[in-house]
Amino acid sequence: MEMLKVTIDNKTVEVAPGTSILDAAAKVGIQIPTLCYLNLHDLNIENKPAGCRICVVEVEGRRNLAPACATDCADGMKINTHSIRVLNTRKTVMELILSDHPFDCLVCAKSGKCDLQKMAQDLGIREIRYQGEQSHYREDTSPAIIRDVDKCIMCRRCEMMCNEVQTVGVLSGVNRGFEAVVAPAFEMNLDHSECTYCGQCVAVCPTAALTEVDHTYKVIEALADPTKVVVVQTAPAVRAALGEEFGLEPGTLVTGKMVAALRQLGFNYVFDTDFAADLTIMEEGTELLTRLNKYLAGDTNANLPILTSCCPGWVNFFEHHFPELKDIPSTARSPQQMFGPIAKNYFADKIGIKREDMIVVSIMPCLAKKYECSREEFKVNGDPDVNYSVSTRELANLIKLANIDFHNLDEDDFDQPLGESTGAGVIFGTTGGVIEAAVRTAYEVHTGKTLEKVDFEQLRGMEGVRSASVDFNGLELKIGIAHGLGNARKLLEEIKAGTSQYHAIEIMACPGGCIGGGGQPLHHGDSSILKARAQALYREDAGKAIRKSHENPFIKELYEKFLGKPNSHKAHELLHTHYFDKSNQITIE
Amino acid sequence: MSSIKIKLHQQDIDKLKEVCASFNNDAGELINVLHKAQGIFGYLPAEVQEIISKELNVPLAKVYGVVTFYSFFTMIPKGKHPISICTGTACYVRGAEKVLDEFKKNLNIKVGETTADGKFSLSCLRCVGACGLAPVVLVGEKTYGRVAPDMVKEILAEYKD
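In the order they appear, the protein sequences are chains A and B. Numbering-wise, the first sequence is residues 1 to 589 according to the working numbering. Numbering-wise, the second sequence is residues 1001 to 1161 according to the working numbering.
Treat the hints as calculated values from the structure; they're not laboratory data.
Lysine-lysine pairs mimicking DSSO-like chemistry, simulated, CA-CA at most 30 Å apart:
#, chain 1, residue 1, chain 2, residue 2
1, B, K1017, A, K490
2, A, K496, B, K1015
3, B, K1160, B, K1098
4, B, K1054, A, K326
5, B, K1017, A, K326
6, B, K1017, B, K1007
7, B, K1017, A, K582
8, A, K496, B, K1054
9, A, K582, B, K1007
10, A, K48, B, K1054
11, B, K1054, A, K582
12, A, K478, A, K326
One-sided and incomplete, this derived list gives chain B residues near chain A with beta-carbon spacing under 10 Å:
#, residue
13, Q1049
14, Y1064
15, V1066
16, S1071
For every residue, glycine included, the Cβ atom is placed at its ideal position computed from N, Cα and C.
Throw the hints in and build the complete structure from the sequences for me.
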């Protein structure tokens, strides 16, 4: 391939045709500032509307300045990324953006983590010379996400996520000129739209235009209530990312410190959602084998492929967009919602308290979990199985509020019995992990043999849609995996068309799975962070003594003493759910 | 965004679906479909946008985005005789604003409004591509060229019914 030679700030670099000025500059260590631009390389996610004009550079012989993100290199190009003209323009552009932005940084939810704030700092903005009109929109609060579009800078990252990546299509640029804003159709509230609450819009929003509904104070109040026993469960993906909020390298496992911090915060019992993940495998795996055996016996109504159902964003997606397929996903509740009833029935009985005297808090990498725990079917006489779901980011804030020196905490262990988990439960937090955990158990139950090797490398990876097969003693079990709802859509269309070749499909709504969830520390467009988190989970799995869900001693005990066997009547009552057709539930005000 | 809640009759729905089908339900034809739909209904209520969204398989938010981006599209019902005054550069220079003022005065409404009897509505548009006739006024589908303020009363009189 003919390479192009370009000079950037007097450094010469050779690049392939089609390389942007931004990428070429990065090759020689020049970081051109960007604001609207976002690129998650390995996930095929790129946003470059060239709308903010922060990345403009001077190209010799060109009349106007060029946006570096959206301008390809040409042979012989001479580029200056910090000429006085560039610096003055960048500053003016920034001041104009800020002239229509609220000045409430001190009390803003995003303060300290805001890309706009950081850019203003980097560009040395000390005054805003432009006093103009300011936009005012009504705030939109849903069960999981808050839209405060006064803070929208029209970078359109959320729109790209919602449409191109997730194919949910709720957010779009509407109106024009000064009135332009990203909003749902008819500027309706999110909870009237088809929003899945996946939170990927929040994960990429550079400002506080999109944030999570914050429940930290409700948790503080619960902890301060002496009449309540407060139980906490932590999702697998949290331990692989929480450290980032305290300046640790992405991929640092902080399981022990997290447990210690939760105990210091005052939770009466520190349990693990991984335990409930093991329980999910027992229920979902049994359902898979029941359907598979029917299919092998020649039953044409065996209802295959079976789809996983652990991800509430994904559940919302098919309820809105594919209601005709609502009988195909497993009826097993998500681990969060399995944990709730086990804590409030089995465990509350065990310690001799009433259900209503227990508060269950979940720490999740996810925003859809906030909506999930508020669903009516997960309440008993108005009392939710899980009271509050807080994100990884909110937990970090809680820890800071309680003056805990996270770095110097001694590692601690989860409480028993609902804190005991296997390696299979841990990998639930990354794409491919749920199905790998299911295969470990289903293989042994189906074949009656012991697995020689529990690592199924063929199920791992970051490819958006993957397929693999696992030898079940002569039966070739065909598995599909999708992460990101746009990828899920591809597999669902196949099922609808009757061309799906799979026996089982795992779907996670967020790119990368829960490690890339909408409630995780912000990755600011660096996909290597997601990979590091996934690797951390596989490391924790590899280091566990028990790596198969059905071998978890406390899971065995739970079935012996309480549930009977997987998919029993009691298990169905407490651990399974049903789905709704929400295709016509858009409300036009 | 204010929108008037309406219930579409089955025949309207069928007609709209026919329009979509005539463009092969192609998402790329969204603007053309909206154009035709507005021709049928006079405006684009939410329910019409919903049907178009389903037929063309375009997210509703995108349809709404297009409707609110182009000033030609409206979600407010127009009068029986919609009046559009071109305020593009050529028409503006040749006195469109004075013509507009005259219409406002005679009809006693502002731009974007409809008269109480539902007969006339007033809107501005940017260039109809007939700059040689500037200033241009459209009433319904009829075009008036070289309009002077003193012609406004005459034009309105044509639509006395």
